[in-house]
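Dock the two chains into a complex; use the hints.
Taken in order, these protein sequences are the chains called A and B. The opening position of the first sequence corresponds to residue 1126 in the working numbering, with each subsequent residue numbered one higher. The opening position of the second sequence corresponds to residue 171 in the working numbering, with each subsequent residue numbered one higher.
The set of hints was computed from the structure by calculation and includes no laboratory data. No residue lacks a Cβ here, since even glycine has one placed at the ideal position from N, Cα and C. You may find that some hints are simply not true.
[Stated by the list, open to error] Here are the simulated distance ranges between beta carbons: (1) B:Gln204 x A:Asp1170: 35 to 43 Å; (2) B:Ser206 x A:Asp1170: 20 to 28 Å; (3) B:Leu198 x A:Arg1200: 18 to 26 Å; (4) A:Asn1163 x B:Asn251: 15 to 23 Å.
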Amino acid sequence: AGGDRERTVPASHLSDFMSQLEDYTPLIPDAVAAHYLNMGGFQADDKRIVRLISIAAQKYMSDIIDDALQHSKARTHMQTTNIPGGSKAKDRKFTLTMEDLQPALADYGINVRKMDYSQ
Amino acid sequence: MDKVETVTVPHVDAYRRLLNKVISQLMLDKGAGQASHQCLETLTQMLQALIVEIGNSAHNFCELSGRTMPTVGDVSLALINMGISISSLDPYMRSEKHAPIPLPPQQTQQRQ
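Just chain B, same shape as in the assembly (with noise of 0.2 Å):
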């Protein structure tokens, strides 16, 4: 057996460590045993930014119809406009079972 590199990622922040977790998540559901760290790292960056965007986007389509609080409509407006069919979601939610991936303990931070 060769050895196993221990990746080390020191100074990331925890959500995109999070995110980096996911991906290794799918990445291992779908039979991909080992990746490039560009490669991890690419998904990675492309999922922080899809996210961002379809929130960027959501969030514009909302304030174009004059409201402050996004609703479901202009979440479908905004995957819509993306390309992303939400047809195909409910069949992925129902064929896709995965454990969620839970939070780092967090600090408590003492009150003064």
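Isolated chain A (complex conformation) (with noise of 0.2 Å):
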């Protein structure tokens, strides 16, 4: 009976969290989520479950585009450290880039490399 008590403390924290999504729209638009879920074969009536998997990739998108910007962040730093005149670097607009982009890809375990050939 205690192991069965233990086991609908998770449960009932993501039922509570699953009836919360009934009221926030994710970035990601239902629709969209709903179309590229199909492309991997999956198929669901609640628009809850749609939201779930839209929430989640969201937040993992946002945790590399934070974790690119830091990268951005701390080598602009470096940058204008190093430079004597450097100093206007605070009200500068960041701009993420590729070579940012990279390092923080490659803690998540992803290799993006560009090709030889591209621009």
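Right, here's the structure in full:
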């Protein structure tokens, strides 16, 4: 009986979370997520299941972008400390480039490599 | 002010263009005002592949247990199997409030 109770604790938490998904709209529109899920053979009637996947994907990408920006900030900071007149970097807009995305993705175990012949 | 180049994506399907918008919105929220085209395209491709892969994995877990309609359990198994923690989604959902991206106006098909 004790084991059963332990098992219901995370399940009830997940069901709480699922009920919250009812009135939360993720950044990815439901129709778009459903279309790409269909490409993987997945077909669900419940809108909440699609939203759960949308939020999971959104968070994953958000974390990667966050990491890439951290790399970018660290790199520009290094450059401005080395160059003597580069104190104007504070009001500079951050630009995300492959140079920063590549090490961020490497932390996730994803190897991105530009082909030698590509521009 | 330097001129902002308008990015035109001519022959890309509508779903893909919306994913492009999603990534752009995420980057704007994080404070990246600009991004290289290659970077944006890489992230869009990653998002597309991730959604397809989660769908495929959840579908496989569903069929493994002899069902055709996937349940929340199948999806959570798929997410855990891919190393995405479900418990971190709840705080993320609370902290991030985004304006949802509106769907493009649908073309009405005339019935014959």
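Open item on the list: I'd like to know which numbered hints this structure contradicts. Please list them from smallest to largest.
Closed with: Result: hint 2 breaks, nothing else.
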